[in-house]
Structure formats: C-alpha cells, structure tokens
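2 protein chains.
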Amino acid sequence: MMKHKTGSLFIISAPSGAGKTSLVKELLTRIEHLTVSTSHTTRAARQGEENGKDYFFVDEQKFKSMINDNEFLEYAYVFNHYYGTAKQSIEVDLKEGKNIILEIDWQGARQIKSLLRSAVSIFVLPPDYHSLQERLHGRHGNDKDIVDSRMQMATEEMSHFKEYDYIVINDDFDEAVDELQSIIHATNLGCCRQSEFYEQFVAEIMAQQP
Amino acid sequence: MMKHKTGSLFIISAPSGAGKTSLVKELLTRIEHLTVSTSHTTRAARQGEENGKDYFFVDEQKFKSMINDNEFLEYAYVFNHYYGTAKQSIEVDLKEGKNIILEIDWQGARQIKSLLRSAVSIFVLPPDYHSLQERLHGRHGNDKDIVDSRMQMATEEMSHFKEYDYIVINDDFDEAVDELQSIIHATNLGCCRQSEFYEQFVAEIMAQQP
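Protein chains in written order, with my numbering: chain Z, 503 to 712; chain Y, 503 to 712.
Each hint should be verified, as a subset may be incorrect.
[Claimed, not checked] Dumping the calculated DMTMM-like pairs for lysine to aspartate or glutamate here, alpha-carbon to alpha-carbon at most 25 Å: (1) K664(Z) <-> E598(Y); (2) K597(Y) <-> E677(Z); (3) K597(Y) <-> E551(Y); (4) K507(Y) <-> D680(Z).
[As the list claims (entries may be wrong)] A few chain Y positions that, by computed beta-carbon distances, are all more than 12 Å from chain Z: (5) Y579; (6) D607; (7) L617; (8) A621; (9) Q711.
Calculated from the structure, these hints are not laboratory results. Built from N, CA and C at the ideal position, the CB exists for glycine as well.
Turn these sequences into a full structure, and let the hints guide you.
Given below as structure tokens:
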C-alpha cells in the first residue's frame, strides 16, 4: 500500500489587528486537508459559539487536571481564563495527512516549537502602524484606553517576529493568502519531512526496472 | 531607503528524462526576478547555441586557470569536457534580489551546498520508471546501449534524492510547476533569509508610533 504524506503543524501569530483571522478563513477555502485546531478554554461561550467547533468549553477544574496529566501541547492564562491546545487531536490529524493551523501568540509558539520541532511558524505583519490602529479602532470603538492597551500588546507581540520561520506582510490581502499557501505547499514537499513517503516512492520506481 | 529582499540560489537536479528542462523553462515565464545561471564549458557550441546565453564557451586552458584562481562555485568533468558555475555572476544577481536556478547533478549540488549553505536544493523525480525510459528512447532513439547507459546514470542520480531539501514529482506538469513555484516563493519569505529586510520593515512600523 502506498504511504501518504504526513501533515504539518503551522503556527500563525500576529499582532491583534493584522488581519490574521480573515487570512486563515480564506486559506481554509483554498487548501484541501487543512484544518484549524480547536482550543480548550475556561471562558464562557459567547453567543453563537459552539462547543467543539469554536472551542472546547471546559471548567477550570477540568482544565487544571488536563494540565496535570500533561495533555496540552501549549496553554496560557490570558485575561483571567485558560486557553490551551490539546495534544491528542493534533497527533491524529497529522498522521492522517492533515495540515493544521494553530492561531496562537509568541509565548504559545515558543512552547510548541520546544515540544514539536517540526512545527512551522509564520508571523503576519501589518503593512504599517496606522492600518493596525484603524483595525483596532474598528474593533474597540473610540475607547482610548482599550485601544491604547491593545496597541501596546500588539507592539509587544510584534517585537517577537524574529523567532518565526516565515514572515507574511498583510498589505495586499490576496497576495498574503498566496504567500501563506506557498509556505504550506512548500513545507509538504520537504524531503526530510516526507522521507518515508519519498523513500517508498523511489523504491517503487526502482522496482519497475526490468 | 527601503532595503529590498535578497535572492536565493536554487539547485535543481533530476535524472535525465525526468523533464527538468521543460519545468524550468515554464517556471521562467511565471516568476519575475528568476534567472538560470549560465555555465562555463569547454565543449564546442552546438548549432544554434549562443556564447553567454546557453553557455560561456571557453577553451581548456582558460577553464583550468579559472579553477586555479578559485573562480568556480562548482565544476565537473563529464564526457571529456569541463562544466562549471562561476561565482562572480551568481553573487551579483543574488544581491540584486534575483533568484537563480542552477541545473546541476548531485555532485555539483554537494559542492554548492558545502560552499553556500543557504542554497535550496530540489530534486525532480519522474512519476515512474517507464516514463523515464520512454523519454530517453525519444531522445536517443532505439540505440539500446545508449539508452541503457543513460538509464543507469539516471538510476545513479536518483539514488541521491535524499540529499535534497525538496522533492517534486513530475507527474502532472502544471502541478509540478506550481510546486516549484511554491518552493521559490516560500523561500523568499524566510525570516532568517530576509532578516535585514524584515528588521528594517518592523523598525519603520514602530517609528510610525505617535
């Protein structure tokens, strides 16, 4: 039986307001065998959010027991709530050949990279400061304190861009999606990454020799 | 002044008959700032070949003096003639932001990789043994000895696929071109590779902060 290629894990980070979520949404319509990892969280579901789709909503006791049982690839405590990526679903998806996107911040990215060296990390940059500010105003209105504090967080996040494998500048939306797509496709052609697949492929070519 | 991105050097190897030359030709029509390196050779120009375009045609004395002066990134002696890639033109093109393709065999690829670690190597595989054989028959007619010896060389070349960064299987032509294109585009988004460009870009974003 012919082996199939394995999937890869892609970490995508960006300062809030860089347009990461829209990029990922478009990417999902373009690439087959691509999925976004569903995180666990202790925060309450917002209106319209589905358990198991947007998040796995669990209580703090359950989350902490999962931490103790070493079930997370990464987790963080942000704005009074826990967020985490469970190992199990990821491992199954990768073996099945799915590519998985994780939308996490630089701290989560570091945790993942230390546990899973083959993960590929991508940082999305805004084209300039003003577009970032505009998007945050659009999201949080004119509450200066909130916008300022989010801008500060965005600046902090952005200062870690150098820890990533790839950088995509979200200036032209379609171009940025193309770039993300190229990174995912190229990764799937990596010789080491797909060594079992290619070894079998070449062995089968050789076996056809008369 | 805004820095521009630097180019990268792409080594493409394949067993003779895998369709490498047609793939590269198509790739050149699709990607801007992409060029194929012109090699030096001591073999005579064939009809229609232009000096400086197909090859730089030089005599053996000149070639050997270039070897002595350490002017080659790689060279080889094949079928009684020397073939080599001069350093100078490559360095200029890379700085100008051009991506360069080198079509060389596994021995040349090894030489280049040892001198220029940032070079990206791609191996093109045929979809199966028979298509390889058919293409060699098309090229060399029914002279069994020639076809057999070329098949042997192709098999030898193919046995080195594992030394490459990426593998592209030339089954569907358009798909294979897409894959090569993704590898080139993704490489140009590498964070380390373009560190000067991205550092300046982020510094300029930060400087716009009010």
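List of violated hint numbers, smallest to largest:
3, 9
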